[in-house]
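K.L.:
Sequence:
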Amino acid sequence: MSLSQITRKFVLICFFVLLWYIISSFYFEQKELLSDQNEETLTKVHLAPSNTTVTTITDDVNNNNPLNELNKKYCGKPTCKFLFVYYIGEQETKANLHFRSFSQLAEKLNRIMVLTNVGSSRIGTCTNFPFDFYYNTNLLQKEFPNVLFKSENDFIFWLKERDQIKKINNNDNKVIPPLSILHSSIKLHNNTFSEETNFDKHKCISKFEPLMNTKDPNNSRVKYTKLFIRTTDLRTGKSRVKSSELLTKFFTVDEEILLVNGNVIYPLFPQTMPVIPYNDYILNEAQKIKDKLSSSYIGIHWRLESSIPELLPECVQGLIKTLNKVMEEEGIKNIYLATDYPLSSSRSQSSTFKEITNYHHDAIRTLNETFKINTWVSLGGLEQLRKNDKYNKELSGSGIQGILDKLVCVNSNYFISGPKGCSRSSSFTRAIADKRSNRIKNKDSGLLNIIDRWEIHL
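At position 446 of the sequence shown the residue is numbered 445 (numbering that gives the first Met the number 0), and the sequence of numbers has no breaks.
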């Protein structure tokens with residue numbers, strides 16, 4: 000074989016080796032690429048009998064939906080469902096009761112309970128302070144271990160991030176749909192348990208705009224309903240069994256947000272949960288006042304609203320007589336007065352006490368001229384708040400001082416309140432008496448009575 004033939008054969012062999020190398024490299028590269036792609040997209044393979052096909056489920060837009068991730072961040076799961084009772088139509092003592100009832104409803108519905116703002120002795124979104132301005136949220140959580148609580152600010156942050164995600168996705172309703180809302184009013188009715196439309200929308204909801212705009216269908220899709228509950232269905236624990244079941248069934252809905260305007264007098268569930276504990280700051284202020292009174296004092300709750308003005312001269316004389324008797328028999332020298340009469344401004348200590356007459360002024364003046372009367376103002380209560388102008392409105396009318404008064408009266412050695420005609424009977428007084436009754440049952444030797452009412456001096 001000639002040299003030229005050997006050379007040609009060698010070149011031909013090299014050519015085929017090179018071609019084989021190129022083809023095999025391309026094959027393995029594609030195989031590796033395909034493997035990488037499968038690792039990225041393959042989520043789950045269902046093994047099936049030979050007569051069926053194998054189904055491969057791949058990640059899609061729903062599995063990576065940014066709304067799901069946002070909800071996991073705030074709510075711990077892909078879907079957020081809130082119960083937001085943005086208005087409760089009574090003052091703090093009753094509002095405290097109703098918030099507990101709605102927290103029970105949140106537990107039944109497996110919804111997040113929004114901690115509505117507080118202020119002016121109310122629980123409602125129209126007020127200016129966070130829920131923990133009045134209450135101890137850690138202890139509330141212990142009472143409701145199965146309920147997730149979020150502040151109004153947390154709710155707003157969720158709305159804000161949800162809105163930002165929607166804008167990033169060019170307001171695509173398929174990616175981030177409009178908010179789904181059931182907006183409901185719950186009221187007492189004398190006849191039937193029923194629902195009704197034509198809902199009166201509450202003005203303070205507008206503060207959440209534009210993040211939650213119930214008037215814009217591109218932002219929120221809203222259903223409105225009024226729910227009336229018969230008074231007789233709530234008066235006893237037994238009657239509340241059926242009504243609470245109906246209530247839970249009625250509100251078992253898919254909407255993200257359940258907005259509630261609640262105006263009921265009684266608890267909603269058979270079991271009444273303990274009073275929401277107040278925060279440490281208020282408890283410490285009550286203890287300071289007790290210490291300043293040498294830990295021995297008579298507590299008076301005199302709610303002048305709804306008293307008969309012309310009867311007040313006889314009322315105050317009856318109170319003076321009772322105080323003299325208790326002070327002599329029990330050896331107590333100090334007196335603390337909790338009242339809705341104006342103390343720190345011209346406004347009364349109750350948002351519903353409007354007509355203050357000379358009879359009211361004269362009665363308080365006579366009491367002050369007879370005894371040294373101590374109040375939360377004279378004893379320097381809530382001093383830290385009084386130094387800050389942002390609390391002026393709260394402290395000049397009904398507000399946090401009402402809670403302080405309640406605690407001071409609960410701690411008093413002897414507690415008295417006014418009779419019919421002299422004083423309005425209130426849930427505030429009953430709450431003090433109930434707490435004192437429980438403490439006496441638990442052998443609290445410092446409390447000498449539950450409650451006494453003075454008599455009108457005729």
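Derived by calculation from the structure, the hints in this document are not laboratory data.
Be careful, since some hints might not be right.
[Claimed, not checked] Using 30 angstroms as the maximum straight-line C-alpha spacing, the simulated DSS-like pairs for lysine-lysine come out as follows: (1) 76 with 93; (2) 225 with 159; (3) 107 with 71; (4) 71 with 93; (5) 206 with 320; (6) 291 with 241; (7) 186 with 173; (8) 186 with 71; (9) 186 with 222; (10) 291 with 225; (11) 291 with 392; (12) 173 with 80; (13) 320 with 202; (14) 440 with 206.
[Stated by the list, open to error] What follows is a list of derived Cβ distance ranges for each label pair: (15) 248 with 385: 25 to 33 angstroms; (16) 67 with 387: 14 to 22 angstroms; (17) 382 with 75: 38 to 46 angstroms.
Every value quoted in this text rests on a predicted model; they were computed, and no experiment measured them.
Each residue gets a CB set at the ideal place from its N, CA and C atoms; glycine is no exception.
K.L.:
Determine for every hint whether it applies to the structure shown.
P.N.:
Here is what the structure says about each hint:
Between the alpha carbons of residue 76 and residue 93 the distance comes to roughly 33 angstroms, so the proposed pair goes past 30 angstroms and is violated. A hinted pair counts as satisfied when its Cα atoms are at most 30 angstroms apart, and residue 225 with residue 159 qualifies at roughly 28 angstroms. Taking the CA atoms of residue 107 and residue 71, the gap is near 21 angstroms; set against the 30 angstroms cutoff, the hint holds. About 34 angstroms separates the Cα atoms of residue 71 and residue 93, which puts this hinted pair outside 30 angstroms; it is violated.
Between residue 206 and residue 320 the alpha-carbon distance is near 52 angstroms, which puts this suggested pair outside the 30 angstroms criterion. With a C-alpha separation of about 50 angstroms, the suggested pair residue 291 and residue 241 falls outside the 30 angstroms cut-off, and the hint is violated. For the proposed pair residue 186 and residue 173, the alpha carbon gap of about 37 angstroms is over 30 angstroms, so the pair is violated. Distance check on the hinted pair: residue 186 and residue 71 sit about 34 angstroms apart at the alpha-carbon level, beyond 30 angstroms; violated.
Taking the CA atoms of residue 186 and residue 222, the gap is near 17 angstroms; set against the 30 angstroms cutoff, the hint holds. For the hint pairing residue 291 with residue 225, the CA-to-CA distance comes to about 50 angstroms; that exceeds 30 angstroms, so the pair is violated. At most 30 angstroms may separate the alpha-carbon atoms for a hinted pair to count; residue 291 and residue 392 meet this at roughly 26 angstroms. Our distance criterion of 30 angstroms between C-alpha atoms is met by residue 173 and residue 80, whose separation comes to about 19 angstroms.
Restraint check for residue 320 and residue 202: the C-alpha separation of about 49 angstroms exceeds 30 angstroms, so the hint is violated. Restraint check: the Cα-Cα separation between residue 440 and residue 206 comes to about 47 angstroms, which exceeds 30 angstroms; the hinted pair is violated. Checked against the hint of 25 to 33 angstroms, the pair residue 248 and residue 385 fails, with Cβ atoms roughly 48 angstroms apart. Our hint of 14 to 22 angstroms for residue 67 and residue 387 is violated, since their Cβ atoms are close to 42 angstroms apart.
Checked against the given bound of 38 to 46 angstroms, the beta carbons of residue 382 and residue 75, roughly 40 angstroms apart, stay inside it.
The structure is inconsistent with the numbered hints 1, 4, 5, 6, 7, 8, 10, 13, 14, 15 and 16, although it conforms to all the rest.
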